[in-house]
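**Student:** Position chain B against the provided structure of chain A, taking the given hints into account.
Each chain is listed here by its residues.
2 protein chains.
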Amino acid sequence: MADFLTPQNEDFSKWYNEIVQKADLADYSPVRGCMVIKPYGYTLWERIRDELDRRFKATGHVNAYFPLFIPMSFLEKEAEHVEGFSPELAVVTHGGGEELVEPLVVRPTSETIIGHMYAKWVQSYRDLPLLINQWANVVRWELRTRLFLRTTEFLWQEGHTAHATEEEAVEETLRMLSVYTDFAVNEAAIPVLPGRKSESEKFAGAVTSYTIEAMMRDGKALQSGTSHFLGQNFAKAFDIKFLDENNAQQFAWTTSWGVSTRMVGAVVMTHGDDQGLVLPPRLAPVQAVIVPIWRKDEERAAVLEAARALRQRLQDVCRVHLDDRDTFSAGWKFNDWEMRGVPLRLELGPRDVANGTVMAARRDQPGREGKTLLSLADLETTVPALLATIQQAIYQKALAFRDSHIHDVRSYDELKEVVETGFARARWAGSREDEARIKEETKATIRCIPLEQPGGTGTCVFTGREASEVAIFGRAY
Amino acid sequence: MADFLTPQNEDFSKWYNEIVQKADLADYSPVRGCMVIKPYGYTLWERIRDELDRRFKATGHVNAYFPLFIPMSFLEKEAEHVEGFSPELAVVTHGGGEELVEPLVVRPTSETIIGHMYAKWVQSYRDLPLLINQWANVVRWELRTRLFLRTTEFLWQEGHTAHATEEEAVEETLRMLSVYTDFAVNEAAIPVLPGRKSESEKFAGAVTSYTIEAMMRDGKALQSGTSHFLGQNFAKAFDIKFLDENNAQQFAWTTSWGVSTRMVGAVVMTHGDDQGLVLPPRLAPVQAVIVPIWRKDEERAAVLEAARALRQRLQDVCRVHLDDRDTFSAGWKFNDWEMRGVPLRLELGPRDVANGTVMAARRDQPGREGKTLLSLADLETTVPALLATIQQAIYQKALAFRDSHIHDVRSYDELKEVVETGFARARWAGSREDEARIKEETKATIRCIPLEQPGGTGTCVFTGREASEVAIFGRAY
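Residue numbers (the numbering used here), protein chains in the order written: chain A, 1 to 477; chain B, 1 to 477.
Derived by calculation from the structure, the hints in this document are not laboratory data.
There is no bait here: all hints are sound.
Note that identical chains are pooled: a pair holds if it fits in a single copy or bridges any two copies.
DSS-like mimics (lysine-lysine), calculated; alpha carbons at most 25 Å apart, straight line:
{"no.": "1", "residue 1": "K333", "residue 2": "K57"}
{"no.": "2", "residue 1": "K241", "residue 2": "K120"}
{"no.": "3", "residue 1": "K14", "residue 2": "K443"}
{"no.": "4", "residue 1": "K22", "residue 2": "K333"}
{"no.": "5", "residue 1": "K22", "residue 2": "K241"}
Okay, chain A solo, but in the shape it has when bound:
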């Protein structure tokens, strides 16, 4: 299997398309731009969903569900919003055999329909804050699509909150950005740069957009989650008003924030190698795979029995799978599970059974140095510990790769060179038009203005003006 993967440094894009299909994460569908998420890929998404959902609930949010369809007129109530989304809409014009009086848009995002409902639900300051999240499918008519990264339909969560004060809404926007950062770092083992979007990259209708930006193994950027402070824009468009403590009418302040199935692509392209996927243990559908090994038929029964006992013992402490297929050789299975990115392989042969041992092989360290002979006696402790070590190691590796591919640049020429292979960090005081020129000339965009700033001032890499902030430039997916 692995033999047929195009090496990453030969053609990263091709490698990605191949591994997503070969590892059974997703498949193309007969519907333009829509993908089928296969069981292995969907289980990975379920892990992402559950870990995000846990964090949303821990920060006081609840889930709800709003309609798939949105009246076209709703989108038109917020001028920037409709301008941003119009080119990407899928439109239902017929229902139940008749032409609709007003066409319905398949939601590209739900600020408008949720804004309408919030206007109905919010009367008094006592009804605030409203802290609601929705897990849903959305549709954006994309011209060029790629599995997980950009598909016409995708799955995501969209949080929508309403607050009595600007301060609270800003705080919520940043809180959710830090929830995303925490998820990326501690579950997906992806180091991310949290920061603010530039004027030309922000969400259609937002006052300020924040993002977590990750670096893929080809040095390109993947926007992996966004959190928007919407000010009173949507509250005014949809009339979300409340009586404050002094009995005065006020417009609410709203936020929205989302992470999508794109995160699966981020995991693939942050950790994968020429042998296939490398999954962080916290998200891996299978954390440890047991591969029984025997040469002679008379060894089979004893090895399989020991393997089953092993599975039984491990299933309470990790997601374990026993590959007891008779139709494939142990070597074939090794390659297969390597390609699927299972963090830990447990090889169990007749000698292991006799000695009370099992050979553990780490996916993130192929070859000898990743192998450890473990005693069967205390596997309930050593296997989870090893998984935790792997989780850390994968993160550190990704962090080292990313940091070695971010360079401080002082000139536009330097910037041009650096974005060929990574991110350029540069002082910035340019305009929307300057951004457009840089994009045209370098294919790079401002990925974010990082929350963490060096302070002081410097010379803008493009305009030469005095700049109080640095920005991260990179080519993006």
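**Tutor:** Showing chain B alone in chain A's frame:
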């Protein structure tokens, strides 16, 4: 709050519409026939989803995700299927600002698109069985809609499996029917009648449809889950073929099965009373609510402290909520949580704090007999035990109600009378046309031909022919 609920026996339908909104389960949306599932209702759905999902996984199924859109031509490949669903379709004709060459249907169900993918994935008998489930939204353009019971868009799961033999597929169809029965009985506390659908009630494209039928408190039936044996109909329409062990080409045998957000409506209408919802503890978003009570201000601190300690202790053994709002009286809170159907209310006053007790009030037994004074010392044991008792009691009550509203009838006149208030069980050997006449004359339909049959033969209640089976007749939602 409860004062404003229309009594069930005055107007059950009105009671339903009121309680669904008053208990914050759902709200109407500005999109025709689409509802908003509010956080309390959605949490109930999450509980239903998790308990079903657990059972699907335990029976070897995995989740995946298929596109929302289906090319119109796909539906046309199975003649009965397109005939059944055509009148209910929502159609996307424009995408990205342009008219589509082929219109896309918003999935009303996914046999066709999944059939197409299975044809691609299945080559050999080794690829079978395929046991996949999908959690998704679907759209059916309904003329008359009701919150949860019949909405244009609804949430559901749809299982789709493919097998090498007819026997295996039939077995799977019945296995999933029994999974649904087990869920209904043991989680939702709803007694259901599992059985076969009559010819005129079966799924468009199925060979045989099975159903679980529940009785609501107005004596009407609610179809609460279905499982279909599709024979080779979809395999032939979509070319799902495999090489069998003898290297011969065979068409696969397929099944599909689904439960939807309608189940929320079933829970409401099976257990609710004039005070509001009565939720089975296994599904209740909040299983126990602590209501602190004080008269004098100086009692407040001690009672609240004890209430918080109580919540702390209970949160590992049940879903507990502390209602520490200052803005409402204890009496108001009692009514509010009663309306929301919380199974157990724990009243904690100054005397309880002093005595080390708490008053437990059961939602399913309003009044004195539902009250027990519990010792604070062993609440971690007594509260879960009480919840289990309530779960059982709710089921037994629903079962007794249902059984007292099912009558064996021998004549058509008797049948007409019985279906006014419940189900009629009768010998049946009629045709599709006979069913249509009965429906027209009585508004009742065959809800199912129960799996459990009395044996022997009798006289068909309508045709007078000899009949080997009994059928259940009732008016349905």
